[in-house]
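Asker: Chains W and V are the protein sequences, given in the same order. So for the first sequence, the UniProt record's numbering puts the first residue at 1; every next one is plus one. So for the second sequence, the UniProt record's numbering puts the first residue at 1; every next one is plus one.
It is worth saying that the hints were derived from the structure and are not from the lab. Note that the structure is predicted; figures quoted are calculated from it, not measured. One thing to keep in mind: the hints can contain errors.
As the list claims (entries may be wrong) - BS3-like mimics (lysine-lysine), calculated; alpha carbons at most 30 Å apart, straight line:
1) W:Lys17 to V:Lys178
2) V:Lys346 to W:Lys133
3) W:Lys3 to V:Lys65
4) W:Lys178 to V:Lys65
5) V:Lys67 to W:Lys87
6) V:Lys346 to W:Lys17
Stated by the list, open to error - Using C-beta positions, here's what the derived DEER-type ranges look like:
7) V:Arg307 to W:Ile397: 36 to 44 Å
8) V:Ala344 to W:His379: 54 to 62 Å
9) W:Gln29 to V:Asp280: 26 to 34 Å
10) W:Leu80 to V:Tyr215: 42 to 50 Å
11) W:Ile397 to V:Ala344: 39 to 47 Å
12) V:Arg360 to W:Gln29: 25 to 33 Å
13) V:Asp189 to W:Lys293: 46 to 54 Å
14) W:Phe140 to V:Lys146: 28 to 36 Å
15) W:Tyr135 to V:Ser308: 29 to 37 Å
16) W:Leu80 to V:Arg389: 22 to 30 Å
Cβ atoms here follow ideal geometry from the backbone N, Cα and C, with glycine treated the same way.
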Amino acid sequence: MAKNINITINGYPVDVKKGKTILEAAEEQGVRIPTLCYHKDLCVAGNCRVCVVEVVGQKRLSAACATPCEDGMEILTNSLKVRNSRKHIIELLLSEHNADCTKCYRNGSCELQELASEYKIMTQDFLELAPMKNYTIDMFSPSIMKDDSKCIRCQRCVRTCSELQGVNALTVAYKGDKMKIATFFEKPMNDVVCTNCGQCVNHCPTGALVEKNYIEEVWEAIADPTKHVVVQTAPAVRVGLGEELGMKPGERVTGKMAAALKRLGFNSVLDTDFTADLTIVEEGNELLTRLKKALVDKDPDVKLPMATSCSPGWIKYIEHLYPEYLDNLSTCKSPQQMFGALAKTYYAKARNLDPENIVSVSIMPCTAKKFEANRPEMHDSGYRDVDYVLTTRELAILIKQAGLDFEKLAPAKFDRLMGESTGAGVIFGATGGVMEAALRTAYELVTGRDVPFDNLNIMPVRGLEGVRKATIKIEKPLKEWSFLDGVELKCAVAHGLVNAKKVMDAVKAGEADFHFIEIMACPGGCLGGGGQPIPTNPEIRRKRTEAIYAEDGDLPLRKSHENPEIQKLYKDFLIEPLGEKSHHLLHTKYTKRKHY
Amino acid sequence: MAYSYQLKRVDFIFKNENNWEKVLATTIKKKPEEIINELISSELKGRGGAGFPTGLKWKLTAEAKAKNKYVICNADEGEPGTFKDREILSRVPYKVLTAMAVCGYVTGAKEGYIYLRGEYKFLEEELNKAIEEFHYYCQETNLDFKVKIFMGSGAYICGEETALMESMEGRRGEPRNKPPFPTQAGYMDGPTVINNVETLVHTFTIFEYGAKKFYDLGVQYSRGTKLFSVSGDTPKPGIYELELGMSLQDFVYEFGDGDTKAVQVGGASGFLVPRKKFNDTAIGYQGKLVGISLPTGGSMMLFNSSRSMFNVLDNYLEFFREESCGQCTPCRVGCQQLLLGIKAVKRGEKPASYLEKLLRLTETMQYTAKCGLGQSVANSFSSIVENFREEMIY
Ligand SMILES: Cc1cc2nc3c(=O)[nH]c(=O)nc-3n(C[C@H](O)[C@H](O)[C@H](O)COP(=O)(O)O)c2cc1C
Ligand code: SF4
C-alpha cells in the first residue's frame, strides 16, 4: 500500500500518496502547472521543461511531470525563479517556432499559443530561428499534413505512434539544432508505414500535425445549386462534437448535430449508423457463412478468425504488417463506404437524382477515413463513393463559421431513407461495439432468440481494457444452424494498434483459436479517433463511452436487423444479404503493402 | 622567473598491471562491506565529470534489491581533447576488468559492459583478447562475471550515463529523467554502477595499496590523483597523472608557454579561467582551497595571447549546438540562441546589453535543462563572457 507523505505546495501543507509526481500532487490541490510534452495517454518524457518547479533547497528546478514527491519537499510552482525560467523556455520555443498564428489551422486551439498568452509574451528578444531553417510542409497524405516549422519537438506524436499504435511511422531524427520528427528516411507521409489514424494529430499540441481539411470544398459543394449534397455522420461524432462547441465531454448531441447540419445547407442529413446496421447484417451473415464452410464443409480456404474491417487505420495496418492475414478480414466495406456506394445508387434512384450531381460528404471521428474514401477500390457506384470526409473537428469549424449557437439549437431528426438506425449501429463508435452488435444479430439469426445477456448488453466485450476476450455458447439453434449446437463462439476485441498487434501475434503464433475478432485502430474505438476533439484522454474517452452506451440504451430498436430502413433496403434493392448487389456495392478487397 | 614548483607527478595508473590476478584474488576474499568501506574512506570521486563518491555509488547498487544488476564502464570519452580513457584501456586493460569484477562481486552484478566510443573501434580487438583471458581466469576461479564490449554510436551525449543506457537498449541516445538514478534502475531497469574508465582504475589502486595511500594524496574533498589531458598552447601536450588540489598557477608554470592568457578547465562543459585568477583557482572537486576550485573530467586546454576568446566560445557553442541530443527546450534552442546571439553582438546587430540577456538564459539552462550537457553550457559561456566581455563585443 502506498503510504502518505507530507509536502508543501506554495507554502500549504499537503498529504500525498507516495509515488505521485509533483504535477499530480499539485493538480489534486487545484494548482495547475503548465505542461506541453505531458499527455495523460503517454509515458512521461520531461523534455519541454515548461513544468519546472522549485524544490526549496535545490539549486536546479525540477520537471514536475517527472519528479516524484518526497517526504518534506517544499515545492514552489510560481516563484520568481520558476516564472523567469518558464518564460525563457516559452520564449525559446516561440523563437524556434513559425509563430505565424493567424495563418495556422490550430489558431485558437494551440497549447503553445495558450501558454504564450498566459505568460503574456509580448516581445521577441531572442533571434527568430524558424526562418533560418528550410522547412517544408508534407502535404502528400490525403489525411495528415506535417509542418515541421510548427513543431516544438515534444515528441508526443512519436510516443503516440509508438506507445498507442506500435506503428513508429514518426521517430526522432538527427540531434542538436537539427533534431526533428521524421518519417523513415524522411519520405512523405503517404509513402511510409502510416495508418493515417491521426492519433498523432490528436496528440499534437500545435499545428505541426493537422488533418488535411476539406472545409472549403464542402462549402463550395453546398453553395453549388446543381449539386445535391448528402451528409452522413459517424456514430462517435455525436458524443464528441459538443466538446468542440463549448459543451462538456460525454454530452450527447445527436439531435443538435442533425439540426446544425440542416442549417449548414446539406440537402439531406443522413446517418452512418444506418450503414453500421447494414454492415452488421452483411458481416453477421458473412461470419455464419464462414463458420458453416469451416465447420461443415471443412473448406480449407475459409479463413478464421474473421476480423472486422470498419476501421481504415486497422486495414492499412494489416495491409502493411500482416498481409498474410488479408483473407481473414471481413470483405465488408466500412459503414462509411457502404453509405457512399448506396448514396449514389439506391438513394439516387429513390430520389430520382443523377448520381453525377450528388456530392457525398461524411463526418467522421477519423482521419484515416479520408484515406479510405480516396482508395481506388471505392468507386463501386460508378463515381467516387464518398467525395469529402470531414473530421468531427472540421464539422465544428463549419458550425462556428455559420454562426450557429449550437447549444441553443432545437434537436432535429435525420432525414429518411438512410437516416434510421438502431442502438447496435450507435455502439460502433465504442471499442467492442461492432462485436456486440454483430452478436446481437448473429445469435438471433442462429437461435431465433435474443443474446443471453441482460437487456442485450453484452458486458464482457465492453470496457477499455486493451484486449478483451469473450466466449458465447450457442444453444438450441434453429434447424438450419444445427451444426452450431454447443459451439462456443470465441471472440476477441482490441483497440489501439499496439493491442491489435498482441492479438495478431497470438493468432500468428497459433496461440489463439478465435472465431471473430474486432479491431479498432484507435484507443477506445472511434470515439477516441484521431479526428475527435482535442484533447482526448482516458477520462474523456470514458465519458464518451458512457454516452455511446446511453444512446444505445435509449433507442427503441437495438438490433441491426430490426432497422425498418434496412429491411426496406433489402426488399427494394439489395434483395438479400451477401447477394449479388451486396457483393458489388458493399464488399471489397485488400492490398498487400510494403513493410517498411 | 622564480616560482615554487609544487606539482606532484605520480604514477599509479599506468604502473604495470602484472599483479592483477593477485589483486583480484585478495580483494574478493574480503566481505563486500569491507570493500565498500575501503572505497568510502578513500574518498574517491568519479572521474567522469560529475564527481559522485564512488564508494557510495557501489553501496547504493549493492543495497538495491533486484535479480539483475549491471556494471558499466563508461569509455565513451567524447570530450574534445581528452584521450586518457583510451590510453588506460590500451595500456592497463586488466586493471579496468579487475575493478569491474570486484564491483560485480560487491554489488551482485554478473554482467559488465564496456561502452566503447565508436571512434575507438581499433581498441576492440585487443580489448576482446584481454576479456577472453580474463574470462578464462574467472572460470578457473569460479568467479561468475562476464564482460562484453558495446560499441557506441559516436555521439557525445551517449557518454551521459542514462543516454548511454538508452543507446545500449537499442533506443536513441537521449538522457532519461532522474530519479530514478542508475543505482536504482539503470540498464534494463536493473540497478547499475556506471563508472568512468579512470575511476575504475583508481579503485584498482585502492585495492592494491589500500585506501590510506590514496587518501593521503591530494587535498581535502579532492583525494588521490587524476589524469589530465593537457592540450592547446603548451610545449608539452599529453597525459599526466597529477595530484589533485594543485593551484592553476602551478599548473601553468609547468605546462604554459610563458604567455598563457587563460585555461579552460574541464573541456567544453568546464570553466575558462583568466590569468588574473590562476592564483585563486585550484583543481579539485569542491571546498574553498585557494579561491574557487574547479572539478574536471581531466581536460586542460591552455590559450596564449594570440587566441581570440570569442572564437573559443564560438567553437564551444558550435559543439554544443550540434551535440545536444535536442530533446529538451532549454538546451536545444538555448544553444542555438547563444551561438547566434554572440555572433549578432559581434556583428553589431544586437546591442552589447544582449549579452546580459544571454547570461540570464544560461542561468535558465543551468536550472532547467534535463541533463548535464545543457546544464553546464553556462559554465564556459559565463566564464568567458564575464572575463572577456570586451572580446565579445569588439
Ligand atoms: C554530456 C555528457 C557527456 C558525458 N560523457 C562522459 C564520458 O564520455 N565518459 C564518462 O566517463 N562520463 C561521461 N559523462 C558523465 C556520466 O554521465 C557519468 O556521470 C559518469 O560516467 C559516472 O562515472 P564516474 O562516477 O566514475 O565519474 C558525461 C556526462 C554528460 C552530461
Ligand atoms: S540538456 Fe541537452 S543533451 Fe541533455 S537532455 Fe536536454 S537537450 Fe538533451
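Asker: Looking at the structure, which of the earlier hints fail to hold?
Answerer: 4, 5, 6, 7, 9, 14
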